[in-house]
Amino acid sequence: MKKIPDKEILLFKSCLVNVEYPGVESSTKYLFDKLGIEYIVSERQSCCTGLGHYADLFDQFSTTALAARNFGIAKEEGHKNIATLCATCYAILKKSCNILNDKDDIREQINKILDGSGCHELNYDADDMDSRENIFHSVEILYNKADEIKDLVKVDLSGLRVASHHACHYCKVHHKDTIGNARDPMVIETLAKACGVETVDWYDRKTTTCGNGFRQRYMNKDLSFSVTAEKLNSLKENDVDILLHMCPNCQMQFDRNQESIGKSVGTEFGIVCLNISQFVALALGADPYKVVGVQTHTVPVDKVLGKIKQTNLCQ
Amino acid sequence: MNNYNFSRYAPKSSIDIGVFLCRCGGNISDTVDIEKLASSIDAKVVKDFENLCSMKCQKNIRDIILEEELDRVVIAACSPITHEKTFRNHIAPLNPYLLEMANIREHCSWVHSDKNKATEKAISLTNAAVERVQYARPLDAIVRKTKKSAAVIGGGISGITAALSLANQGVKVHIIENKPTVGGNMIKIGKVFSPEKLAEECSLCLFNPLINEAVQHKNIDIMTNSEIKSSERKAGNFNLLIERKPGHVNEDKCTACGNCADICPVEVPNEWNENLMTRKAIYKPFPQSVPDIYTIDDNNCIKCGKCEKVCKMNAIDINMEGEIVPLNVGSIIIATGHKGFDLKKRPEYGYGRYDDVITQMELARIMGVNGPTDGKLLRPSNGKIPRRVVMVQCAGSRDEKPEGKRYCSKVCCMVSLKHASFIKHYYPDTEIVICYTDMRTPGMYENYFRHVQSKGIKLVRGRPGDITKKGENIVVRLEDTLRREPMEIETDMVVLSEAMEPSEGTLKVAETLNVGLTEDLFVKEKHSKIKPVATDIEGIYVCGTAQGPKDITESVSQANAAASKVSEMINGGLEIEPTIAVVDGRQCEMCGECVAACKYKAVYIHNERISVDPVACNGCGICVSKCENNAIDVMGQTDAQIFAMIEGMLKDKKEGERRILAFVDYIGYVAADNIGINRISYPESVRIIRVPSINRLMPKHILFAFENGADGIFLGEYPDEVMYSSIQEKVNEFRSALIKNSIDTDRLMYYKVYAPYFRGLANKLAEFDKQVGKALDKLEAVLYKASYKDL
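Sequences listed follow chains R and F, in order.
Sequential numbering of the first sequence, starting at 1, is according to the working numbering.
Sequential numbering of the second sequence, starting at 1001, is according to the working numbering.
Worth flagging that the hints you see were computed from the coordinates, not collected in a lab.
One should not assume that every hint holds.
Once the Cα atoms are required to be at most 25 Å apart in a straight line, the calculated BS3-like pairs of lysine-lysine come out as [to be verified]:
hint, chain 1, residue 1, chain 2, residue 2
1, R, 3, F, 1401
2, F, 1401, R, 95
3, F, 1345, R, 3
4, R, 172, F, 1344
5, F, 1752, F, 1531
6, R, 3, R, 34
7, F, 1469, R, 236
8, R, 176, F, 1526
9, F, 1565, F, 1531
10, R, 193, F, 1345
11, R, 172, R, 112
12, F, 1550, F, 1344
13, R, 236, F, 1470
14, F, 1470, F, 1339
15, F, 1179, F, 1339
16, R, 176, F, 1401
17, F, 1653, F, 1531
18, R, 13, R, 172
19, R, 172, F, 1401
20, R, 2, F, 1345
21, F, 1344, R, 176
22, F, 1197, F, 1470
23, R, 29, R, 112
24, R, 172, F, 1345
25, F, 1752, F, 1770
26, F, 1229, F, 1469
27, F, 1401, R, 2
Computed list of chain R residues with no C-beta within reach of chain F, every gap over 10 Å [as the list claims (entries may be wrong)]:
hint, residue
28, 51
29, 58
30, 121
31, 148
32, 207
33, 216
Facing chain F, according to a computed beta carbon distance under 10 Å, are these residues of chain R, among others [said to hold, decoys possible]:
hint, residue
34, 198
35, 199
36, 203
37, 204
38, 206
39, 208
40, 218
In this text, all values refer to a predicted model and were calculated from it rather than measured experimentally.
Here a beta-carbon is modelled for each residue, glycine too, at the ideal position from N, C-alpha and C.
Generate coordinates for the entire structure from the input sequences, incorporating the hints supplied.
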């Protein structure tokens, strides 16, 4: 397995996390602090372009150029190990890193642009970063500390029925770097287990996409929602309370659209969507509102919070 | 630079050398001035002949050798590739290795037209041979005798076939099988397909006679429950230690009545039936097991002693202990086979989650008359006959994702057709759907494919994405890639065509014997095209699925090939060229660097001494350069011989003359000969020197050449996959040595040589000559500037 760092980490902010589910970032920070992971967040960091890139608004070149700038910032601030909150940032940065290392002409063109913008110090030299050794998903950083998490659990969540949704951009794009079997990565399961919660082992459609597909969600709405609905149906059949995520895109698709999808298929799903970091933070006793940020969710989290309170050991 | 220590090899004070020049009926003498050449050579006897290779000349040469009491002979004539053997015979009674040849035809008269320059070059080629021959030592051909015994590891169809072939040739064979019975996978699969036949045949009926023959053969000793613990090479033989695990049943007393199993209280899954049914802790794997006795499975036996009491023959001994058996054999055949791919690694296919998703091997057991359902096709979940069976091809094969196998497992298309045909025959109402990637039924198997297709099976091109359950039924989801639409197939049984992967035994044996594996962890052949069944260790061969996925037909012919290779070793009384590495035990400190460096695995440690397997060693010489204590030498390619050759090639170099030394391996030499044969020219500056490999050369040789006036050094070698990486290391080593000594690296060139691409070599030599010229001009300019400054 690849080597996962626990220091010199740049926690890479995500547009969607910040706007939609700020609790994902605050939960991750909460956990990193508890686990003694040394990290920074940089105000200078820019977007990875992911949303725009997949909507054909940003081409690969500008995406790569922005990545080069972000890599420059990571290096300059002495935190070369990037941990993303979003699976799309993860995949985009890895791809850009490989392009910058392998394609001399593109790297040179980008360095010229950086020079022209007065950012000479952010220039990228080949192999400045290694996509396998320097770019991670923040959930991988947590996964690496699963044993420590086990010892820190304060709240008993074992009464909840949870299932995982591993983001495609985490497990399918750079599948050689995916921890575990890329066809069934057990990263989320392992963390849930560390919190004392067994996940639903396998449910139909477990490995299918959330359906969002970036522009598909807007251009082919019916197709997009039909995929989401299939998965929701299967989760419902398995009596799942919480679907655990590692990508804000997926989380939005299942959380924000659940009600309207439910109406169109005549089902009330009531499946709570939490990022795995939010879930682990809850297990470690984080404040559901101030840290986990459940108030920003569409499907009310209160339902499961109530279940926790009933079985809570500490509060 | 000239103070290299030659004293170790010092020739005796006065060596009398005879040089014989060949005119080759004008082929040489038209371009080379033979009189001038003869007068320029310093030797006791210099004589020229019209046709040296003729029988008449053989007598002349011998007479002169005896008359003049010559110690060494140089023949300046054609290529040694053509006539070295002839001339080695010609110089008797001298030892054949006291001969040196100068190739003044292919490498001189045929490639140059300027008579003066050609003559000058012929002189230096002959001089080099004269210098070198002084350091020649008499060598004797090595005769190797291989012991007339072999170990065959694995008692499946491949192992049994190889063992029978050897035993029939009078070789004593030990079959070492880690299971309690021989038979391997073939005995489990029930039916087999064959080329040229449209019918499925009974595997047991084909295989059992062979097994019985092996059991009764006086030259075959079958050891079941046995594994190789260690192996040591000794003078071309192998000392093996075999661990025999206790079966707790005395073979001579057991009548296989089965009373013991009836009373045994322990029930465990029966692996021989793919765990589809149970067996007892004391058991016989299957009715036709060989040896035909019961055996106790130590991992599950609770030692209650009930079986011991019930056995009327007193055959059972619960306290029986295992033993370690030493075996000394001449050769080893690895026939350790394969296992089915672990389908849990494809979780989306639901294997292990749904009872009715099974493997092809499980289906074979279910349909085997001696299987869990007595041959009836029944769903494991409810014991009913399936109305539809969906087969999924490439389950684990042709899969580039991690955990998958990139290769095609080769047999699964035929296996699924075989089972489809069989099901259709007995259960015509059961529908068969095969989801395939490509149907691969090459050669005569295509006839069988058509035959089964005509029975009304359905084929869908597409690889299922996932398999799930809806109520009682299983649903296979896939895209029909011919119609380009997604589809769902409801069925009540799914059969996954699992990939073949190397068995644990294959991996273990490879490690114990130190044989190389392929990227996919099968046993690697020395050369998959021209050296099949040979492993990278001399004397160890491989056959069957241990070497890669294949069917029974192919396994059988491979097993026979392996057996014939073994008997070649035994019967050949192999005579080996003595030009191999030799270790001087007094100098050796056993650091093991040579063992690690030898990619041919010819160097090994035995009895705390480094030994060289003369058959495996090809004299490449990489070990010499790794040895810090100068404890290894390659016979016929000693340092002294190489230095003398270099010195001779550069002797009497004139002011302004350019000399390039081209060190080439055998293939390079053949290519250079081809240049001559095709009368293509290249610069006269080039002098070709044959070495076993560039790996024999060391920086000291390269620097010595430059110090003695070489203008450039050309290295040519066929990029053999075994040694290629070390050649690249070598070339880099030379480059850095040049940089350290302020020599322009443009004066060194490495080129990959291919025998048929001799024109490329000629062009490259010309190009290099120009490159060297430029480098020298540059050097001149620098020197001129420097001297100008000094003024």
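These are the hints, each one checked on the structure:
Simply put, residue 3 of chain R and residue 1401 of chain F have alpha-carbon atoms about 20 Å apart, close enough for the 25 Å limit, and the pair holds. Annotation: proposed proximity of residue 1401 of chain F to residue 95 of chain R holds, straight-line Cα distance about 18 Å (limit 25 Å). Between residue 1345 of chain F and residue 3 of chain R the CA atoms are separated by roughly 23 Å; this keeps the pair inside 25 Å, and the hint holds. Distance check on the hinted pair: residue 172 of chain R and residue 1344 of chain F sit about 19 Å apart at the alpha-carbon level, within 25 Å; holds.
For the proposed pair residue 1752 of chain F and residue 1531 of chain F, the alpha carbon gap of about 22 Å is at most 25 Å, so the pair holds. Proposed proximity of residue 3 of chain R and residue 34 of chain R is supported: the alpha carbons are some 21 Å apart, at most 25 Å. Proposed proximity of residue 1469 of chain F and residue 236 of chain R is supported: the alpha carbons are some 15 Å apart, at most 25 Å. At most 25 Å may separate the alpha-carbon atoms for a hinted pair to count; residue 176 of chain R and residue 1526 of chain F exceed this at roughly 30 Å.
Proximity of residue 1565 of chain F to residue 1531 of chain F is assessed by CA-CA distance (about 10 Å); at most 25 Å being required, the pair is judged to hold. For the suggested pair residue 193 of chain R and residue 1345 of chain F, the alpha carbons sit about 21 Å apart, so the restraint of at most 25 Å is met. Pair hint residue 172 of chain R plus residue 112 of chain R does not hold up; C-alpha atoms about 33 Å apart against a cutoff of 25 Å. Between residue 1550 of chain F and residue 1344 of chain F the alpha-carbon distance is near 23 Å, which keeps this suggested pair within the 25 Å criterion.
A hinted pair counts as satisfied when its Cα atoms are at most 25 Å apart, and residue 236 of chain R with residue 1470 of chain F qualifies at roughly 14 Å. Taken as a hint, the residue 1470 of chain F and residue 1339 of chain F pair is broken in the structure, with Cα atoms around 31 Å apart against an allowance of 25 Å. A hinted pair counts as satisfied when its Cα atoms are at most 25 Å apart, and residue 1179 of chain F with residue 1339 of chain F qualifies at roughly 14 Å. For the given pair, residue 176 of chain R sits about 7 Å from residue 1401 of chain F by alpha-carbon distance, which is consistent with the 25 Å threshold.
Between residue 1653 of chain F and residue 1531 of chain F the alpha-carbon distance is near 45 Å, which puts this suggested pair outside the 25 Å criterion. Straight-line distance between C-alpha atoms of residue 13 of chain R and residue 172 of chain R comes to about 22 Å, which keeps the hinted pair within the 25 Å bound. Distance hint between residue 172 of chain R and residue 1401 of chain F is fulfilled; the C-alpha atoms sit about 10 Å from each other, no more than 25 Å. Taking the CA atoms of residue 2 of chain R and residue 1345 of chain F, the gap is about 19 Å. The hint holds against a cut of 25 Å.
A threshold of 25 Å between alpha carbons decides the hint, and for residue 1344 of chain F with residue 176 of chain R the separation of about 18 Å falls inside it, so the pair holds. Our distance criterion of 25 Å between C-alpha atoms is broken by residue 1197 of chain F and residue 1470 of chain F, whose separation comes to about 40 Å. Using a Cα cut-off of 25 Å, the hinted pair residue 29 of chain R and residue 112 of chain R is violated, with the two alpha carbons roughly 36 Å apart. Taking the CA atoms of residue 172 of chain R and residue 1345 of chain F, the gap is near 16 Å; set against the 25 Å cutoff, the hint holds.
For a cut-off of 25 Å, the pair hint linking residue 1752 of chain F to residue 1770 of chain F stands: about 19 Å separates their Cα positions. Among the hinted pairs, residue 1229 of chain F with residue 1469 of chain F is inconsistent with the structure: their alpha-carbon atoms are about 47 Å apart, more than 25 Å. Between residue 1401 of chain F and residue 2 of chain R, the direct Cα distance comes to roughly 16 Å. Compliance with the 25 Å bound is thereby established for this hinted pair. With 10 Å as the threshold on Cβ separation, the claim that residue 51 of chain R sits away from chain F holds: the shortest Cβ distance comes to roughly 27 Å.
Taking the minimum C-beta to C-beta distance to chain F, about 29 Å, the non-interface status of residue 58 of chain R holds against the 10 Å cut. Remark: the non-interface label on residue 121 of chain R is consistent with the geometry, its nearest Cβ contact in chain F lying 34 Å away (cut-off 10 Å). No Cβ of chain F approaches the Cβ of residue 148 of chain R within 10 Å, the least distance being about 27 Å, so the stated non-interface status holds. In this structure residue 207 of chain R is not separated from chain F by more than 10 Å, as the shortest Cβ-Cβ distance comes to only about 6 Å.
The Cβ of residue 216 of chain R lies farther than 10 Å from every Cβ of chain F, with a closest approach of about 16 Å, so its non-interface assignment holds. Hint on residue 198 of chain R is violated. Least Cβ distance to chain F is approximately 16 Å, over the 10 Å limit. Checking residue 199 of chain R against chain F by beta carbon gives a least distance of about 13 Å; that is not within 10 Å, so the hint is violated. With a cut of 10 Å, the hint placing residue 203 of chain R at the interface with chain F holds, because the nearest CB-to-CB distance is about 9 Å.
Look at residue 204 of chain R: its Cβ gets to within about 4 Å of chain F, closer than 10 Å, so that hint holds up. A hinted interface residue such as residue 206 of chain R counts as satisfied when its beta carbon comes closer than 10 Å to some beta carbon of chain F; here the least separation is about 8 Å, so the hint holds. For residue 208 of chain R, the interface hint holds, the least distance from its beta-carbon to any beta-carbon of chain F being 8 Å, beneath 10 Å. For residue 218 of chain R, the shortest C-beta to C-beta distance to chain F is roughly 23 Å, which exceeds 10 Å, and the interface hint is violated.
In this structure, the earlier hints numbered 8, 11, 14, 17, 22, 23, 26, 32, 34, 35, 40 are contradicted, and the remaining ones agree with it.
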